[in-house]
Amino acid sequence: MTNVESTEIEGISVTVNGAEVLARPGELLIDACERNGVYIPRFCYHPRMKPVGMCRMCLVEVDTGRGMGLQPSCMITCSPDMVVETESEVTKKAQDGVLEFLLINHPLDCPVCDKGGECPLQDQTMAYGPGESRFVEEKRHYEKPIAISDNVYLDRERCILCDRCTRFAKEVAGDPLIHFQGRGNGTEVNTFPDEPFSSYFAGNTVQICPVGALTAKPYRFQARPWDLEEVQSTATIDSVGSRITVQSSRNKVLRYLGVDVDSVNWGWLSDRERFSFEAFNHEDRLADPLVRPEASMGSAKRDQLVTAPWSTALRRCAKALQDVDPNRIGVIGGARLSNEAQYMWAKLVKGVLGSDNVDAQLGDGLPADLVLGLPRATIDRACAAGGTVVLVGPDPKEQLGALYLRLRHAVIEDGVQLIELTPHSTGLSRYATHSLHPRPGEAGALARALVGDSVVESDIAGVAAADVNAVAATLKAGGPVTVVLGRSSAAESEDAVVDAAVALSSLDDVAFLSALTRGNVHGALDMGLAPGRLPGRQPLATGSSFSTAWPTMPAEAGFDTHEILQAAADGRLDTLVLLAADPINDFPDADLARQALENTPTVIAVDLFLHESAAAADVVLAAAGPGEYAGSFTNLEGRISQLNQMVTPPGTARPDWILAAELAFQLGADLELESPEQVWAELADLAPIYADVSPAALEAAAVEGIVVEGTSLFEAPAPLEAVSNDQYALRLVTRRVMYDQGTVLAHSPSSAHLSPSPKVALHPTDFERLGVAEGSDVSVSSARGAITVSVLSDSGVPRGSAVMVSHLEDARPYELIDATAVVNDVRVEPVA
Amino acid sequence: MARLNAENLATANEILSRYPVKKSAMIPLLHLAQEQDGYVADDAMAHIAELCDVTPAEVVGTCSFYEMFKRHEVGTYLVNVCTNISCMLLGGEELLHRLEDKLGIKHGGTTEDKMFTLEDYECLAACTEAPCMQVNYRYFHRIELDEAEKVIDDLRSGARTDIPPHGTLGKVRQHIPTGRSAGIVPPEQANEAPVWLPAPTPEGEGS
Numbered sequence: 095m096t097n098v099e100s101t102e103i104e105g106i107s108v109t110v111n112g113a114e115v116l117a118r119p120g121e122l123l124i125d126a127c128e129r130n131g132v133y134i135p136r137f138c139y140h141p142r143m144k145p146v147g148m149c150r151m152c153l154v155e156v157d158t159g160r161g162m163g164l165q166p167s168c169m170i171t172c173s174p175d176m177v178v179e180t181e182s183e184v185t186k187k188a189q190d191g192v193l194e195f196l197l198i199n200h201p202l203d204c205p206v207c208d209k210g211g212e213c214p215l216q217d218q219t220m221a222y223g224p225g226e227s228r229f230v231e232e233k234r235h236y237e238k239p240i241a242i243s244d245n246v247y248l249d250r251e252r253c254i255l256c257d258r259c260t261r262f263a264k265e266v267a268g269d270p271l272i273h274f275q276g277r278g279n280g281t282e283v284n285t286f287p288d289e290p291f292s293s294y295f296a297g298n299t300v301q302i303c304p305v306g307a308l309t310a311k312p313y314r315f316q317a318r319p320w321d322l323e324e325v326q327s328t329a330t331i332d333s334v335g336s337r338i339t340v341q342s343s344r345n346k347v348l349r350y351l352g353v354d355v356d357s358v359n360w361g362w363l364s365d366r367e368r369f370s371f372e373a374f375n376h377e378d379r380l381a382d383p384l385v386r387p388e389a390s391m392g393s394a395k396r397d398q399l400v401t402a403p404w405s406t407a408l409r410r411c412a413k414a415l416q417d418v419d420p421n422r423i424g425v426i427g428g429a430r431l432s433n434e435a436q437y438m439w440a441k442l443v444k445g446v447l448g449s450d451n452v453d454a455q456l457g458d459g460l461p462a463d464l465v466l467g468l469p470r471a472t473i474d475r476a477c478a479a480g481g482t483v484v485l486v487g488p489d490p491k492e493q494l495g496a497l498y499l500r501l502r503h504a505v506i507e508d509g510v511q512l513i514e515l516t517p518h519s520t521g522l523s524r525y526a527t528h529s530l531h532p533r534p535g536e537a538g539a540l541a542r543a544l545v546g547d548s549v550v551e552s553d554i555a556g557v558a559a560a561d562v563n564a565v566a567a568t569l570k571a572g573g574p575v576t577v578v579l580g581r582s583s584a585a586e587s588e589d590a591v592v593d594a595a596v597a598l599s600s601l602d603d604v605a606f607l608s609a610l611t612r613g614n615v616h617g618a619l620d621m622g623l624a625p626g627r628l629p630g631r632q633p634l635a636t637g638s639s640f641s642t643a644w645p646t647m648p649a650e651a652g653f654d655t656h657e658i659l660q661a662a663a664d665g666r667l668d669t670l671v672l673l674a675a676d677p678i679n680d681f682p683d684a685d686l687a688r689q690a691l692e693n694t695p696t697v698i699a700v701d702l703f704l705h706e707s708a709a710a711a712d713v714v715l716a717a718a719g720p721g722e723y724a725g726s727f728t729n730l731e732g733r734i735s736q737l738n739q740m741v742t743p744p745g746t747a748r749p750d751w752i753l754a755a756e757l758a759f760q761l762g763a764d765l766e767l768e769s770p771e772q773v774w775a776e777l778a779d780l781a782p783i784y785a786d787v788s789p790a791a792l793e794a795a796a797v798e799g800i801v802v803e804g805t806s807l808f809e810a811p812a813p814l815e816a817v818s819n820d821q822y823a824l825r826l827v828t829r830r831v832m833y834d835q836g837t838v839l840a841h842s843p844s845s846a847h848l849s850p851s852p853k854v855a856l857h858p859t860d861f862e863r864l865g866v867a868e869g870s871d872v873s874v875s876s877a878r879g880a881i882t883v884s885v886l887s888d889s890g891v892p893r894g895s896a897v898m899v900s901h902l903e904d905a906r907p908y909e910l911i912d913a914t915a916v917v918n919d920v921r922v923e924p925v926a
Numbered sequence: 052m053a054r055l056n057a058e059n060l061a062t063a064n065e066i067l068s069r070y071p072v073k074k075s076a077m078i079p080l081l082h083l084a085q086e087q088d089g090y091v092a093d094d095a096m097a098h099i100a101e102l103c104d105v106t107p108a109e110v111v112g113t114c115s116f117y118e119m120f121k122r123h124e125v126g127t128y129l130v131n132v133c134t135n136i137s138c139m140l141l142g143g144e145e146l147l148h149r150l151e152d153k154l155g156i157k158h159g160g161t162t163e164d165k166m167f168t169l170e171d172y173e174c175l176a177a178c179t180e181a182p183c184m185q186v187n188y189r190y191f192h193r194i195e196l197d198e199a200e201k202v203i204d205d206l207r208s209g210a211r212t213d214i215p216p217h218g219t220l221g222k223v224r225q226h227i228p229t230g231r232s233a234g235i236v237p238p239e240q241a242n243e244a245p246v247w248l249p250a251p252t253p254e255g256e257g258s
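Heads up: the protein sequence lines correspond to chains W and E, in order. Sequential numbering from 95 applies to the first sequence in my numbering. Sequential numbering from 52 applies to the second sequence in my numbering.
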């Protein structure tokens, strides 16, 4: 205590097996040893969870001045002059004894156990355990396996009670639906009767189980670990870009595992990410291009799509694009593509065809200028202790699973304050300091009041004045603010979110973490797949390096998706290209999308599946999916990480970037790019922000990837006026959930049946006013149409709003939306 | 079988109000549920989970840890016979078998009229008084075979009313004088010493 000098040393000196090592202050002994090359065996300890000292496997001899004694190294922090023996006779005997105890009841069914070959218990028994068992008594028997959730199976007799899955459920996921039950020899992990472990993150427990007790249904009995080949890649189903290991056997992807990356997903995956590979193995994948016979074109009853050779399909595409007025071409989509493919398509459409009618977002995102113009934040910045996170966007728990886990951890463990400005409560509401739900369309007015200097005296946007003042005070208290900015409802115009973002950008020390959710949408924006944008976060307006390097350049900014569809519906387009886009299901005005596809002479779809929009196309090009090509991915922070190839695409399906090159060739042009390396070389030349990015640099950056910096200028529009409400109407709010019936999920057998039944959710006090009863069927109608669904009471929905989940087969709120309106009002009436 | 009824729900809310953290009330509420139904029903556990703001899995985790919370229906009278070493040497197993014959059930079973559940128990902590038996945790020391049968007969006929049904809680509620009550303070906010402790003397210059 009196030794002042000791506070100045950088590390704590600890003697491990006779050698001196430096531990960090507060570091656990087991970590300090591992960091210095001394591995201590363990089962229960996991670096991303709190230690519990359950398994006793990490017992080592420790002397802290009171003589040598056995202590669990996961429960003891390093202290000065600690002496540790990890390989002494006493330690070895303890480890041998612990393993013998663990194996009393653990079955020796390794030959039929999925974990065999990658099992910590198997491996550590070989390394540290007794050669043979002295026990002859009968072991425990349980019914096996029991399904503790739809995708996770539990073989209880294999469980060694390490507390990893139950700790994960409680500490990390916040869904403590599994728990130890019973006591002593009868202890088991189980759920409450008939209440399954239905966590969005349940699959992680399978990955961290140190024995074969928890197995995932999609992988059970599929392969042996020694038959698997693996490569690291990035999960592309949402925009978090979680790092994964892709494992395959016999040219089929069998499993994704999370990789522990400090700055992104910490090893965790949502089940949607984890099991999404199933969709890419699905038999409905397009294996060959499809073409609608030309003879029937233009007639009312068109022929079916038929399989065609690539040359025919590409010639048809070229014919539809050659010598067409650039303003009569539209391209929608591109968020599924890799960065390289996005660049190639941008170059093809903008630099060869000269059209700027390109939009990777489907009217459910935010303007590219806003996302690229605001100061960007990383996940680490948002989660840093002492900060404040303002959520203006979709529910991270439903849409950005890995980000939800990081934010939840930041709030609970690091004291980050969370303030929600969302149209309804989210999965993070229970952790939020303040949860404000402004009326749809009025988030901007609320945000202006929050950052303003004056004290508010009346309600703003339906939020009580006291709450507004409390949040305003919190925001002004200082500390970095990170706004998680996205579009939560497609029934509310993007202008409302822009309005809020502009107001919040006036705070001191504020940065924005984009919460656009669609796969590689941030790559698409960075690569210029948006009207008025060029690659490298450059606006089209300025005379950029691309205008000299590319053969041609659009004269002026083009249409966004809504304008493209409107033009197509009006017959003002000749050719519409759907780059992995399904506007009929994804665009928040299904009618307009249908008309657009009908009224365009040639529709070209590039996709993995023949979804509703692709089925209406005239040429369908079969594309390669995730794991079937090499490239890179840009996540919501702007972090670029590698995508690697593990398997070959089905049939003759080809990577998107090759399709762009082939099409250019058919058009008599040459993109002069033959590999992802060449794309990056060209980008490094033309776009300053990519000067340091190359496949070699990405390889060197390994799991962390490279965060690209740089923002462009953003001109704030004028504040939005509040829209008055028809007093009999409710404001429509749409939301997406983890398991909806989007194309990929509908093709994943593990997830397809998990989607909720369609409902409209209202605040409990709205029922009486509307004369409807909870659980009854109601008609939800707007000027566009009406749908019948059952009604649900939810106190997380503010009064006067009606919340519907989109992307469900049976009830499509997008049929009700007028995409030009700032807000959409609906009537909810009992069905006669 | 059932969630807490209106009367017990009122008691439950009163119990909940005694704790700064709702979860702390879980065990008293489990006792209450057991008093209501004679055992802790799944529905009651789900109800307690709602009241304590935890998941039902956490409630079942706690409930199943304690042997005296029964999660399956038991008879009005739970008869525990010790067959641990002292009792075994002095006739515990004979006692158990005699009661099995008497009740017409195997140990672990419940009679058809739901009056008696018989259990083969580990040590009842009365080795000096072997053989030993409990009915709803009331001790019968050095009990003879015929005496045990008589206890059963008397309970069945209603001649003996001193043993309340299984699950019944003591009716004398704990009472702490206000002056000595610590009040309801969450642990992280308790910065003063509890009232029943004398105030600590200020630290001196060292001894």
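What the hints contain is simulated information worked out from the structure, not anything from laboratory work. Treat the hints with care, since some could be wrong.
[As the list claims (entries may be wrong)] Capping the alpha-carbon separation at 25 Å, the derived lysine-lysine pairs in DSS-like fashion look like this:
hint, chain 1, residue 1, chain 2, residue 2
1, E, Lys165, E, Lys153
2, W, Lys264, E, Lys153
3, E, Lys165, W, Lys144
4, E, Lys73, W, Lys264
5, E, Lys157, E, Lys222
6, E, Lys73, E, Lys165
7, E, Lys74, W, Lys144
8, E, Lys222, E, Lys153
Hint-by-hint comparison with the structure:
1. E/Lys165 with E/Lys153: holds (15 Å)
2. W/Lys264 with E/Lys153: violated (48 Å)
3. E/Lys165 with W/Lys144: Violated - the C-alpha atoms of W/Lys144 and E/Lys165 are around 47 Å apart, more than 25 Å.
4. E/Lys73 with W/Lys264: Answer holds: E/Lys73 to W/Lys264 is near 17 Å, not above 25 Å.
5. E/Lys157 with E/Lys222: violated (33 Å)
6. E/Lys73 with E/Lys165: violated (34 Å)
7. E/Lys74 with W/Lys144: It holds: about 21 Å lies between the C-alpha atoms, which stays within 25 Å.
8. E/Lys222 with E/Lys153: violated (32 Å)
Comparing the model with each earlier hint shows violations of hints 2, 3, 5, 6, 8; every other hint is respected.
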